[in-house]
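Novice: Given the coordinates of chain A, assemble chain B onto it according to the supplied hints.
These protein sequence lines map, in sequence, to chains A and B.
0 is the number of the first residue of the first sequence in numbering that gives the first Met the number 0; add one for each residue after it.
0 is the number of the first residue of the second sequence in numbering that gives the first Met the number 0; add one for each residue after it.
Hints are supplied without guarantee of correctness; some may be wrong.
[Unchecked claim] Lysine to aspartate or glutamate pairs mimicking EDC-like chemistry, simulated, CA-CA at most 20 Å apart:
hint: 1; chain 1: A; residue 1: 289; chain 2: B; residue 2: 129
hint: 2; chain 1: B; residue 1: 289; chain 2: A; residue 2: 129
hint: 3; chain 1: B; residue 1: 216; chain 2: B; residue 2: 187
[Said to hold, decoys possible] Each pair of labels, with its calculated beta carbon distance range:
hint: 4; chain 1: B; residue 1: 14; chain 2: A; residue 2: 75; range: 53 to 63 Å
hint: 5; chain 1: B; residue 1: 48; chain 2: A; residue 2: 183; range: 16 to 26 Å
hint: 6; chain 1: B; residue 1: 14; chain 2: A; residue 2: 171; range: 18 to 28 Å
hint: 7; chain 1: A; residue 1: 175; chain 2: B; residue 2: 222; range: 28 to 38 Å
hint: 8; chain 1: B; residue 1: 26; chain 2: A; residue 2: 241; range: 55 to 65 Å
hint: 9; chain 1: A; residue 1: 13; chain 2: B; residue 2: 219; range: 18 to 28 Å
hint: 10; chain 1: A; residue 1: 263; chain 2: B; residue 2: 21; range: 30 to 40 Å
hint: 11; chain 1: A; residue 1: 179; chain 2: B; residue 2: 94; range: 46 to 56 Å
hint: 12; chain 1: B; residue 1: 48; chain 2: A; residue 2: 244; range: 35 to 45 Å
hint: 13; chain 1: B; residue 1: 174; chain 2: A; residue 2: 171; range: 34 to 44 Å
hint: 14; chain 1: B; residue 1: 129; chain 2: A; residue 2: 75; range: 20 to 30 Å
hint: 15; chain 1: B; residue 1: 212; chain 2: A; residue 2: 21; range: 46 to 56 Å
[As the list claims (entries may be wrong)] Not close to chain B: a few residues of chain A, all C-beta gaps over 10 Å, as computed:
hint: 16; residue: 22
hint: 17; residue: 30
hint: 18; residue: 52
hint: 19; residue: 76
hint: 20; residue: 81
hint: 21; residue: 207
hint: 22; residue: 235
hint: 23; residue: 309
Calculated directly from the structure, the hints in this document are not laboratory data.
Model, not experiment: these values are computed from the prediction.
From the three backbone atoms N, C-alpha and C, an ideal C-beta is built for every residue, glycine too.
There are 2 protein chains.
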Amino acid sequence: MKLVCLGFSGGELEDNYWQELDDLADQRVLVASEAELGKNTNADGLLVKLGAKVPKELIDKLPNLKYIGMLGTGYGGIDTAYATSKGITVTNIADYATEGVAEFTFGILIEWCRGVSRALGLAWDGVYEDDHHPGMEIKGKRFGVIGLGNIGMRTAELAQAFGCEVSYWSRTRKPEAETKGIKYQGLDDLLANSDIITLNLALNPETEGIINADRIKKIKTNDTIFINPSPMELIDFKALVTRLKQNDMVFMLDHSDEMTEEQLKELKLIPRCKIYPAIGYTTREAGQLKKRIYVDNLKNYLDGKPSNKVN
Amino acid sequence: MKLVCLGFSGGELEDNYWQELDDLADQRVLVASEAELGKNTNADGLLVKLGAKVPKELIDKLPNLKYIGMLGTGYGGIDTAYATSKGITVTNIADYATEGVAEFTFGILIEWCRGVSRALGLAWDGVYEDDHHPGMEIKGKRFGVIGLGNIGMRTAELAQAFGCEVSYWSRTRKPEAETKGIKYQGLDDLLANSDIITLNLALNPETEGIINADRIKKIKTNDTIFINPSPMELIDFKALVTRLKQNDMVFMLDHSDEMTEEQLKELKLIPRCKIYPAIGYTTREAGQLKKRIYVDNLKNYLDGKPSNKVN
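Bound-form chain A, shown alone:
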């Protein structure tokens, strides 16, 4: 197999992973961009990074192509339908950041409930007691998880460990979760009845805008905390801003690149909206696991037992 790593400079993987790829492939070439493909259009395998575009036109340039490996979960830039029609296997990396995102969710939740960063500042200024410091316990709160995939399920488990009353909504019922005491609620009911809500859905045509204007109105007005570590396209942005301006709920997001500068500016002006960078999934452990799976996906494909195939 001739492997072309498109958009790679070499620093993306540690030496041991490059070595393993070299052991799997006959030839391995790093190519910075499509324009520099040159004679490498005879590639059998193509490795790409998150955000890469692999449209029909690029696939047509590579007549021998049999495998596309995405170093990430999202593969929206790859024309998978066309790849499928050409018999090309496309793989991605799922479930490498479950712990990272779930732990971060509780980190930013406790940051809000206890004012952790404010407290650091107080102590730095020599203030070691403060009657006005926020202090809400998680225990005993009604915790609603929207979407019970890997991250949603782990979030629900941790919420149970913290002593919350946990509910979920998911397109399909999850009996194994329900036997653990995670109760099913309709989406509208869950929004109306929860003190803390996390949104853990994948973005697709059915889920885009699922948290619509009507549903946003259902979120109760008593300082509900809504945490979104998922794409913002799941939410009707205009309706969200209108609601947040009422100052009767808290909204926190783990922002990746799906929002415009204008939207970010608008959210920044809202006191009870906290914007975090896209760091929920960027732990050392997740980074290593992701690379491990990346190399294993290629190995498994070559062994005839493809893993994380998305088409």
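Specialist: This is chain B only, laid out in the frame that chain A set:
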């Protein structure tokens, strides 16, 4: 019963609790300080706040005294031995802040592991991705709890829920914890073998300075995180500072009033030492529970079934 609330201004309890106390006592008097006791030396009951001093001399001034109620856990200012000799019941309030302290422990742990407050600042500055941001997962780490009372046990349970390998040391073995998979280790071994350590001991003559110079040296040098939500007198301060200056471990404390200005200044200069105000136990929920128990302690005493009696 004539109840004297010494050092109280009236704002310490909500109206409903004052009403309950009035229903329990024949007379209730708020006295700002001992100097203003005046004719109230005929008190049968004395209610005091955290930090109050009730030495032999004050007890001798109140010949009818039968009950002293402390609004807090620590009662070091009360001469309990002398109170006992006079047949006076002393009560305190234990186990009202277990959740608050345990949740705060994980809040400041995730703050360190994920740089939550740094992340808020980055996003505010428009930086939504950062390769240098810290990202350590809690899952899979060796978590050592020193002292398995209420707070230590709850901390250990949460650490297990986060997927840690949890060990404890306590003066007495706790079989019920061991059946849950919380392993016993000698104190020196626990210090040497843990990635994350929490100190959850009460301060008394046997525990004062228990984390001594030899033991501090045993803490492994690979960025161990040591969290102390307990009194700093448990630790040899000089030896701690010497170790922290090596910059090979992290130390976080929830500071109450046991340290000198000089000591605080010294700790502030150490980059991997994070000082928090004493807010681990100051949640709304804990505040309410504490007042509930305070009133109930008096009620139970009057009913002949004293609760939280410490002498």
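Novice: With reference to the structure, classify each hint as holding or not holding.
Specialist: Going down the list of hints, with the structure as the test:
no.: 1; hint: A/289 / B/129; verdict: holds, 18 Å
no.: 2; hint: B/289 / A/129; verdict: holds, 18 Å
no.: 3; hint: B/216 / B/187; verdict: holds, 10 Å
no.: 4; hint: B/14 / A/75: 53 to 63 Å; verdict: holds, 59 Å
no.: 5; hint: B/48 / A/183: 16 to 26 Å; verdict: violated, 47 Å
no.: 6; hint: B/14 / A/171: 18 to 28 Å; verdict: violated, 51 Å
no.: 7; hint: A/175 / B/222: 28 to 38 Å; verdict: holds, 37 Å
no.: 8; hint: B/26 / A/241: 55 to 65 Å; verdict: holds, 56 Å
no.: 9; hint: A/13 / B/219: 18 to 28 Å; verdict: holds, 25 Å
no.: 10; hint: A/263 / B/21: 30 to 40 Å; verdict: violated, 55 Å
no.: 11; hint: A/179 / B/94: 46 to 56 Å; verdict: violated, 27 Å
no.: 12; hint: B/48 / A/244: 35 to 45 Å; verdict: holds, 42 Å
no.: 13; hint: B/174 / A/171: 34 to 44 Å; verdict: holds, 42 Å
no.: 14; hint: B/129 / A/75: 20 to 30 Å; verdict: holds, 23 Å
no.: 15; hint: B/212 / A/21: 46 to 56 Å; verdict: holds, 51 Å
no.: 16; hint: 22; verdict: holds, 28 Å
no.: 17; hint: 30; verdict: holds, 22 Å
no.: 18; hint: 52; verdict: holds, 19 Å
no.: 19; hint: 76; verdict: holds, 17 Å
no.: 20; hint: 81; verdict: holds, 30 Å
no.: 21; hint: 207; verdict: holds, 21 Å
no.: 22; hint: 235; verdict: holds, 22 Å
no.: 23; hint: 309; verdict: holds, 24 Å
Consistency with the previously given hints fails for numbers 5, 6, 10 and 11, ordered from lowest to highest.
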